[in-house]
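A.B. asks: Given only the sequences and the hints, what does the whole structure look like? Please build it.
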Amino acid sequence: MKPATKKSMRGGPPTNHSVRQLSNSTLRFFSGLGVSRELVGYYYQILHYIIIFGGGFVILFNTNPVHLIILLIIISLDAFANVVVHDCPLTALERKYLKTSLSADRRKNMKKANILYKCNHVYESQVELIVNMWTLVACKIVIILVIRSFTPEFLLSCCGNHTFRVTA
1 MKPATKKSMR GGPPTNHSVR QLSNSTLRFF SGLGVSRELV GYYYQILHYI IIFGGGFVIL
61 FNTNPVHLII LLIIISLDAF ANVVVHDCPL TALERKYLKT SLSADRRKNM KKANILYKCN
121 HVYESQVELI VNMWTLVACK IVIILVIRSF TPEFLLSCCG NHTFRVTA
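If you read the sequence shown in the numbering used here, its first letter stands for residue 1, the second for the next number, and so on.
Honestly, the hints are just simulated from the structure, not real lab data.
By construction, the Cβ of each residue, glycine as well, lies at the ideal position given by its N, Cα and C atoms.
Hints are supplied without guarantee of correctness; some may be wrong.
Stated by the list, open to error - Think about it this way: if two alpha-carbon atoms lie no more than 30 Å apart in a straight line, the pair counts; the simulated DSS-like pairs of lysine-lysine are:
#: 1; residue 1: 111; residue 2: 96
#: 2; residue 1: 96; residue 2: 108
#: 3; residue 1: 112; residue 2: 99
#: 4; residue 1: 96; residue 2: 112
#: 5; residue 1: 111; residue 2: 99
Said to hold, decoys possible - Simulated restraints, written as ranges between beta carbons of each label pair:
#: 6; residue 1: 70; residue 2: 21; range: 25 to 35 Å
#: 7; residue 1: 114; residue 2: 77; range: 31 to 41 Å
#: 8; residue 1: 53; residue 2: 100; range: 16 to 26 Å
#: 9; residue 1: 106; residue 2: 84; range: 41 to 51 Å
C.D. replies: Structure representation (structure tokens):
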């Protein structure tokens, strides 16, 4: 094992880390096949679009609480990754390979529309977006469960009419 250098002890990027080695060898493999770094960036951007639009589709058109809870878990994992890395991992990979990201494009478009954030950091706007989506999904789950709880038997029991029966 190689001794730690001053740079690695200060928190610099690890150069001999097994994940880093796997990443570099995978990138070299794809480069050998003629796959450009830009194409790798588009791959990450497509993944980002799938998660964003797939999640949006589930939020809008799905009323199954199990599916919504799965989406809530995915959003929670993204929030955790954003807090730990101080950036969305897919955004960081897009920026690495494409020199731009969906977040940067979104901020540019919002700026053109005169919708501005008080601070210039992407991190805060991403966290705000994630918190809003998490809250939206959680509220939808609660509303669906409340609506499903209002069965005719429940409503009759609330009225105190336990002997009322519908006969044909």
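A.B. asks: Each of the hints needs a verdict: does it hold here or not?
C.D. replies: Going through the hints against the structure:
no., hint, verdict
1, 111 / 96, "holds (23 Å)"
2, 96 / 108, "holds (18 Å)"
3, 112 / 99, "holds (20 Å)"
4, 96 / 112, "holds (25 Å)"
5, 111 / 99, "holds (19 Å)"
6, 70 / 21: 25 to 35 Å, "holds (33 Å)"
7, 114 / 77: 31 to 41 Å, "holds (33 Å)"
8, 53 / 100: 16 to 26 Å, "holds (19 Å)"
9, 106 / 84: 41 to 51 Å, "violated (22 Å)"
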